[in-house]
Each structure stands twice: as C-alpha cells, then as structure tokens.
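Sequence order for the protein chains is F and U.
Residue numbers for the first sequence follow our numbering, so the first one is 215 and each next one is one higher.
Residue numbers for the second sequence follow our numbering, so the first one is 92 and each next one is one higher.
None of these hints come from the bench; they were simulated from the model.
Don't take each hint at face value.
Chain U residues, not near chain F, derived (Cβ > 10 Å throughout) [to be verified]:
| id | residue |
| --- | --- |
| 1 | 139 |
| 2 | 141 |
| 3 | 218 |
| 4 | 231 |
| 5 | 270 |
| 6 | 279 |
| 7 | 302 |
Partial pick of chain F residues on the chain U-facing surface, computed with a CB cut under 10 Å [claimed, not checked]:
| id | residue |
| --- | --- |
| 8 | 538 |
| 9 | 602 |
| 10 | 635 |
| 11 | 656 |
| 12 | 709 |
| 13 | 717 |
| 14 | 722 |
By construction, the Cβ of each residue, glycine as well, lies at the ideal position given by its N, Cα and C atoms.
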Amino acid sequence: MNKPSFLFLFFVFSLFESISHKGFSQESVDSLRYYHNVVMKPNNSNDLNSAFLFFDRKINEQLLVGDTIGAVQNLRRVAIGQFELGFLYESEYSAVRALKMLEEQKDNPVITEAKSGIFNHLGIVYRHLKLYEKALSYYESALELANDSSDSIPALNNISYLHLDQENYSLAFQISTAILEKCLMSKDSLGIARALDNLGYVQSKLDMPEALDNMQKAMNIRLEANDLSGLYSSNRHLSNYFSSRNNRQKAIEHAKQAYDLAKQLNSTSYLENALALLLDLSDDPKVIEYRKLSDSLSSAKQIQENKYAVIKYNVEKERQKTQMAELQNEREKRYKIIFLSAFLLAVVSAVFIVNRKNQQRKTELVQTAQKTEARISKRVHDDLANDVSGVMTFIENTLITSTSVKNKILNFLNDIYLKARDISMANIAVDVTDFPRTLKNLIAQYHPKGVDVITSPYSNIKWDAIAEHKKIQLYKCLQELLVNSKKYSQATMISIAFNAKKGKKEIVYSDNGIGFKVDNIVLGGLKHVETRMKEIDGNFSFESNEGKGFKASLIF
Amino acid sequence: MFQKALIAEDHGLTGSGLKESLTTLSITEITVVHYCDDALLKIKAALQQGRPFEVLITDLSFKADYKNQNLVSGEELIVETKKIQPDMKIVVYSVESRVGRIQTLYDDLDIDAFVGKERRDIYEITKAVSQVFEGKTYFSESLKHALRSSENQLELDEYDILLLKLLTKGLKQEEIAQYFQERNYPAGSLRSIQDRLGKLKTIFGAKNPVHLVAQAMERGFI
Numbered sequence: 215m216n217k218p219s220f221l222f223l224f225f226v227f228s229l230f231e232s233i234s235h236k237g238f239s240q241e242s243v244d245s246l247r248y249y250h251n252v253v254m255k256p257n258n259s260n261d262l263n264s265a266f267l268f269f270d271r272k273i274n275e276q277l278l279v280g281d282t283i284g285a286v287q288n289l290r291r292v293a294i295g296q297f298e299l300g301f302l303y304e305s306e307y308s309a310v311r312a313l314k315m316l317e318e319q320k321d322n323p324v325i326t327e328a329k330s331g332i333f334n335h336l337g338i339v340y341r342h343l344k345l346y347e348k349a350l351s352y353y354e355s356a357l358e359l360a361n362d363s364s365d366s367i368p369a370l371n372n373i374s375y376l377h378l379d380q381e382n383y384s385l386a387f388q389i390s391t392a393i394l395e396k397c398l399m400s401k402d403s404l405g406i407a408r409a410l411d412n413l414g415y416v417q418s419k420l421d422m423p424e425a426l427d428n429m430q431k432a433m434n435i436r437l438e439a440n441d442l443s444g445l446y447s448s449n450r451h452l453s454n455y456f457s458s459r460n461n462r463q464k465a466i467e468h469a470k471q472a473y474d475l476a477k478q479l480n481s482t483s484y485l486e487n488a489l490a491l492l493l494d495l496s497d498d499p500k501v502i503e504y505r506k507l508s509d510s511l512s513s514a515k516q517i518q519e520n521k522y523a524v525i526k527y528n529v530e531k532e533r534q535k536t537q538m539a540e541l542q543n544e545r546e547k548r549y550k551i552i553f554l555s556a557f558l559l560a561v562v563s564a565v566f567i568v569n570r571k572n573q574q575r576k577t578e579l580v581q582t583a584q585k586t587e588a589r590i591s592k593r594v595h596d597d598l599a600n601d602v603s604g605v606m607t608f609i610e611n612t613l614i615t616s617t618s619v620k621n622k623i624l625n626f627l628n629d630i631y632l633k634a635r636d637i638s639m640a641n642i643a644v645d646v647t648d649f650p651r652t653l654k655n656l657i658a659q660y661h662p663k664g665v666d667v668i669t670s671p672y673s674n675i676k677w678d679a680i681a682e683h684k685k686i687q688l689y690k691c692l693q694e695l696l697v698n699s700k701k702y703s704q705a706t707m708i709s710i711a712f713n714a715k716k717g718k719k720e721i722v723y724s725d726n727g728i729g730f731k732v733d734n735i736v737l738g739g740l741k742h743v744e745t746r747m748k749e750i751d752g753n754f755s756f757e758s759n760e761g762k763g764f765k766a767s768l769i770f
Numbered sequence: 092m093f094q095k096a097l098i099a100e101d102h103g104l105t106g107s108g109l110k111e112s113l114t115t116l117s118i119t120e121i122t123v124v125h126y127c128d129d130a131l132l133k134i135k136a137a138l139q140q141g142r143p144f145e146v147l148i149t150d151l152s153f154k155a156d157y158k159n160q161n162l163v164s165g166e167e168l169i170v171e172t173k174k175i176q177p178d179m180k181i182v183v184y185s186v187e188s189r190v191g192r193i194q195t196l197y198d199d200l201d202i203d204a205f206v207g208k209e210r211r212d213i214y215e216i217t218k219a220v221s222q223v224f225e226g227k228t229y230f231s232e233s234l235k236h237a238l239r240s241s242e243n244q245l246e247l248d249e250y251d252i253l254l255l256k257l258l259t260k261g262l263k264q265e266e267i268a269q270y271f272q273e274r275n276y277p278a279g280s281l282r283s284i285q286d287r288l289g290k291l292k293t294i295f296g297a298k299n300p301v302h303l304v305a306q307a308m309e310r311g312f313i
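Construct the complete structure from the given sequences, taking the supplied hints into account.
Dropping the structure here:
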C-alpha cells in the first residue's frame, strides 16, 4: 500500500459532496457527520469500530423503512472505512452488497452516481489485491456510466494508475494525455494540475523530455491554489523522478516536502508513504536492507492474507452460490407448480366447457323435441279431435239414416276421436311448476277403476332442483307406464316410489298385474320410455314375468 | 229453462250440432259465435239491452286465423265474462281430458259444468245444461271417477317410510313406539304404531310385518 491513490480520495470527496447535498435531514445528523469523518479520516481503531457499529445499525434501520439509497450511501462509507483499515475483502463485500441493492432500483442520477462510485471503489480494491483484470473491468463499468467527459475523469485516472502499476506506460500515457485534454476543456485548474502531474509522471517513466516540465507546471498551479494534498502528490512524483535519475539531493528535497505536507494534512497513510520515500533515499545500507526486508515481509503478509481471504471469500461465495441455487430451485419448482396448475386448470375447464356445451346441446335437443311434440299434440287435439267431434255431433243431431248405420258410423268416428286424443295426450305440453300436483293429476288421468295407487312422499325428491325438460321427460315416461298398466296389466295395485340417494334420483314404478314375458315385448311404449330416459342421461330398466307383475326403475 | 244461451265454438259443425241439442231443451234464444271476442261483445250488448244471456257454452281452444283476436282461449273468455256478468252460468264443452286441467276449471274459473267431446259425453250436454239450470254443478261420470281418483291416491308420509325402515332393522312394535316417542314424532303411542302398521299391511296386501317389509322393499319404498 505504498501508492495511495489520491484518486481514491477524489472519489471519497465526491461522496462527501453528495452527502452535504442531501443534507440528511433526519435526527442523528451530528452523529452521522461525526462517524462519516471517523471513517474518512480515522484516528484510531476504537473510533472506527464504533463508527462501523453505528453504520451497521443505521443501515439495518434504513433497510427496514425501505430507504435503500440511504443504506447504500452508508454501506459505501463502511466499505471505504474497511478499505482504509486494510480489510480489502470486507470492503469488497460491503461494496458488492451496496451494488446489489442498487440493482433493484430504477435508474436516476443519484443511483448512477452511487453505482459509478462503487465501481470505482471495487476497482481500487481489486487493484490493491493486484487483481488487475477485475479492477480494469470495474473501472470500465464506471466509465460506461459517465455522462460527460468530466464524469469520466475519475475512472480514466484509475485506469491510468492501473496501467502504471502494471508498467504499461504507453497505455498509461495515452490515457493520461486524453485526461489532460478533457481537463483543459473543463478549465478546472486543480483537475488540470492533477492531469499534468500524472502525465508528467508517466512521461518520466517513458523517459520523455516533457516529463519534468509537466510535473513542475502542475506543482505551480497547486502552489497557487494552496492544494496541499495535490502538492504532496507532486512532491512524491518529483522525488521519484529525481531518484530514478540519480539526483538524490533533489529527490530527498521533494520527499521532505512531501513529509511536511503529510504532517500538515495529518494523514497517517500519507505520512507512512512519505517516510517510506525518505527511507528509500537513504544511503545507509542497513536502512536499505530494512526497507527491502520490510517490503518483502509486507508483501508476503499480503499474499498470506490474500490466500486466507480467498479461502474465506470462496467459502462465502460457495455459500451464496448454494443459496442462489436453492432459490433458483425453489423458483423453478414454483414455476413448475404454477405452470402445471395452470395447465391442469386449462384442461379441466376445457373439459368442463365441452361437457357443458354437449349437455346444453343435448338439453336443447330434448327441449326442441318436447316443443315439437307439444305443437303436434295441440294440432291433433284442437284440429283433428275437434273436427271428428264436430262430425259426430252433426251426425248425432242431423243425419237422417237408420239408427244402426248411424251408430256404426258414430262408433268408428269415436274410435278416431279417442285415438287422436291419445296421440295428443301422449305428446301434450306439460306444466311442471308444481310437479307433485302434475303427477297426481297424471295418475288420476289413467287411474283404472278399483285400482289402488300408492306413492311414497313426493317430497323425497327435491323437484325444484330438477331441470324442467327432465321433469317433462319423467312425466311422459310415467304416463307411458300408467297407460301400459291400464291397458294390459289388470293390476289391482300400482305403486310409485320416489327415492333420492347420493345425488342419484330414482322412481320405482310397479304394479301387481299379470306382467309379460320380457322377451315378448309387445309394448313399444317401453322403448319410448328408454329413449326418453337416455335423452336426459337417465337410465331405464324393468323386470316382468308373466303372472308376477311389472316393475320398472327410472334413474336420473 | 234458460231463455237465452250463447255458444262460443269455432267449429261450424259442432256449433250447429250444439244448437240442435239445446233446442230440444226448449231454450228460445240461442246465439252461436265463432270467436271469443264476438262472444264477449254479444254478452256486453245483451247486458246493455237489459236482456242478458243466462248461460255460456264455450270451447276452450279456438284456432287462430286471419282475424286478430284479443281473447284467444275459452279460459280468457270465461274470466272476462265473470268480470262483467258474475252470475253467468258457464258450461265448458271441450276435447280436454286431463283431470288436472278440468279440476282447475271448476276450482279457479268457477265453471258450472264440463262436458267432453267424446261420443258418450255428447249426449250429456243437455243433461249438464239442465242441471246447471237447476243451480247444480255438473260432473260427468268419467270425470267423477277421475276426480275421486286424485283424492284416492295414497301418498305415504315420512313416518310410514320410517316405520318400514325400523321394521327392516328388526325393531318390535314397542321399540318403534319408543323410538317415535323419544323423538317427539306424532302418533308415537303403541296403539298408533299398531294402527299405522295395520294400515300399511292393508295397503301392501301383506299378511305380516315380514311380508310387509318384503313388499315395501320390492316396490322400492325402502
């Protein structure tokens, strides 16, 4: 960590700015500012610890009330603090956490600023971990978020440093030149100074003649502006420049100035770096030895830490991966369930709709048939029967002919009349509003003299819940059975039982008449009953033996 | 006998035949109309003239033809007639043979006689009109039987069915009585249960409780 990036400070200051903009209107403004300063310029680790605790609590509070932006800003402070303390992986973790929170937010300038800040921070962290590829990709991400040229400068500077670290001086030179152009356009004197200083430093590495001139120009601007940290940087670079050109005296001079500035700035990291610079310039072989040893020790320590951190980090990553996989699994499972249930629902409703349609069509067919029957019945009734009756009345009263012939004609006509009426009756429209009463009348209609008719309670079946066309159909079936009993059975008792069990309804019709052989069905009427029951998805069965009565069951 | 009769019958032969029959009853003034609307007009006119019709003999169904009619059925004509002349005697002469509907005519429309158009009924028109003239309500023989039948139908009640079910479970009469009493069912005394059982045995033509249960099961009652 012997190359503290003032660009990093630049990034820190921009965060500082955004905080003063926002103002943090809430309660703990003072404590926030205090801890902010603690994190930015830590004096001792105790302060930092309490600052971390403070921010940790704050972040949780903010997340609880949905203040994601606030939580993100505080996480960034924590990340910076962790970086300052050398907890690079922890710092990375905090920054990534803040980044994740931001990904769920809609883009706006504040979010973009925060994102680019975090990208830069991550780049810096990876740079210190010497993960240059990664660092570069984050800087480039930050660069992509930049709106105009001045926004892109911090990221560009960081990229330039990265190249310097890797000793890709020509690349660093290209970028530094570009930065200088941008700064010149923006007329920001401190920016120009920084760009000139950086460019000069790069040029010095490339042994370009303009190097010293650029660096001195930068220092002059900084002197004018009394930019202490800038001057510190200038002196450091110049010391480096002279040192590499074996001008030890000048190198020491600048290093001392850097040390003084670091003292003024009261920055421990600056001080450490300035002292390191001075020690590097020492001609005492023991000091040089110590520096070499301490450098290799600290880099060995860093490697050690990195190794440990990588393990720790990987474990954490694995854990997150597993968690993500579980989440993904869970999600897929849920999708599967949703998809499957939607599919099932679609199938079920399709089946249901088709069934319903079929049922409706069937019902309509039955209803149409019933209407047609009723219409024909009315015509037979009103026209034919009336006509025949008219002729009968006429003959009865007016036709003068022998009584025997007259009687014969009248008998024939009466047969026609009765047949017409029977046809009509068998097809007549049925009023089923009070079905029990309708059925009672039906029974009365065909009730042979001297026959007992027994029924179970009509209310055994909830007639109101049964569709009209079904009741009409049942009426006609019972009519057919009653006609049969009356015409052929010689029964002395007819019973009709109404039963309802488990959704299925049943009418049991029986008489104690002479019955008939089942295989000798002379009664086409039973076929009609069967047809009518099938039309309403019902069932008809009967049994009869000669001499043993007749029993039929209508299930619907 | 009635002096003035109105026949509403859209069938020409029937109308004239009816007129012939009524003439034999020495009704002096018989008017035949073919439409319900005409019938109502005649009734109104006669009322205004102070010589109202005394009896209306009407069919139930009238065939629709080219003339638009307000009243299209005998039932409607009867209702309207009763409104303007409540004491009008009404005789319905129709092909109708459904007991229920005929019963409704007597009950709801307060008709005095129903005569069918079957041959044996045709003779009855004079009999019916005569009885109506005497202030009686007339029922034909076949109708009397049918009307009696609807009263003679035997609908078992839920307690009959319950008793039969308890018998199938092998309960004795005393136990059935106790079962009824515990639940506060009507007629729960042993005596009543015995009566009910006797009635059921008669209905099903059963000799003993076992036979009764067999019969009731056979006929689908339990």
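Hints and how they fare:
The beta carbon of residue 139 of chain U sits about 32 Å from the closest Cβ of chain F, which is more than 10 Å, so the claim that it is off the interface holds. The claim that residue 141 of chain U is not at the interface with chain F holds, since no C-beta of that chain comes within 10 Å of its own (minimum 32 Å). At roughly 14 Å, the least C-beta separation between residue 218 of chain U and chain F is larger than 10 Å, which holds for a residue marked as non-interface. The Cβ of residue 231 of chain U lies farther than 10 Å from every Cβ of chain F, with a closest approach of about 14 Å, so its non-interface assignment holds.
Taking the minimum C-beta to C-beta distance to chain F, about 19 Å, the non-interface status of residue 270 of chain U holds against the 10 Å cut. For residue 279 of chain U, the shortest C-beta to C-beta distance to chain F comes to about 19 Å, beyond the 10 Å cut-off, and the non-interface label holds. No beta-carbon of chain F comes within 10 Å of the beta-carbon of residue 302 of chain U; the shortest separation is about 14 Å. For residue 538 of chain F, the interface hint is violated, the least distance from its beta-carbon to any beta-carbon of chain U being 67 Å, above 10 Å.
Taking 10 Å as the C-beta cut-off, the interface hint given for residue 602 of chain F holds, the closest approach to chain U being about 8 Å. Taking 10 Å as the C-beta cut-off, the interface hint given for residue 635 of chain F holds, the closest approach to chain U being about 6 Å. Evaluation of the residue 656 of chain F hint against chain U yields a held restraint, the C-beta minimum of about 8 Å falling below 10 Å. Satisfaction of the interface hint for residue 709 of chain F is found here, the shortest Cβ-Cβ separation to chain U being roughly 4 Å, below the 10 Å cut-off.
Hint status for residue 717 of chain F relative to chain U: violated, with the closest Cβ pair at about 17 Å, above 10 Å. The interface hint given for residue 722 of chain F holds, since its Cβ lies 3 Å from the closest Cβ of chain U, which is under the 10 Å cut-off.
The structure does not agree with the numbered hints 8 and 13 stated previously, though it agrees with the rest.
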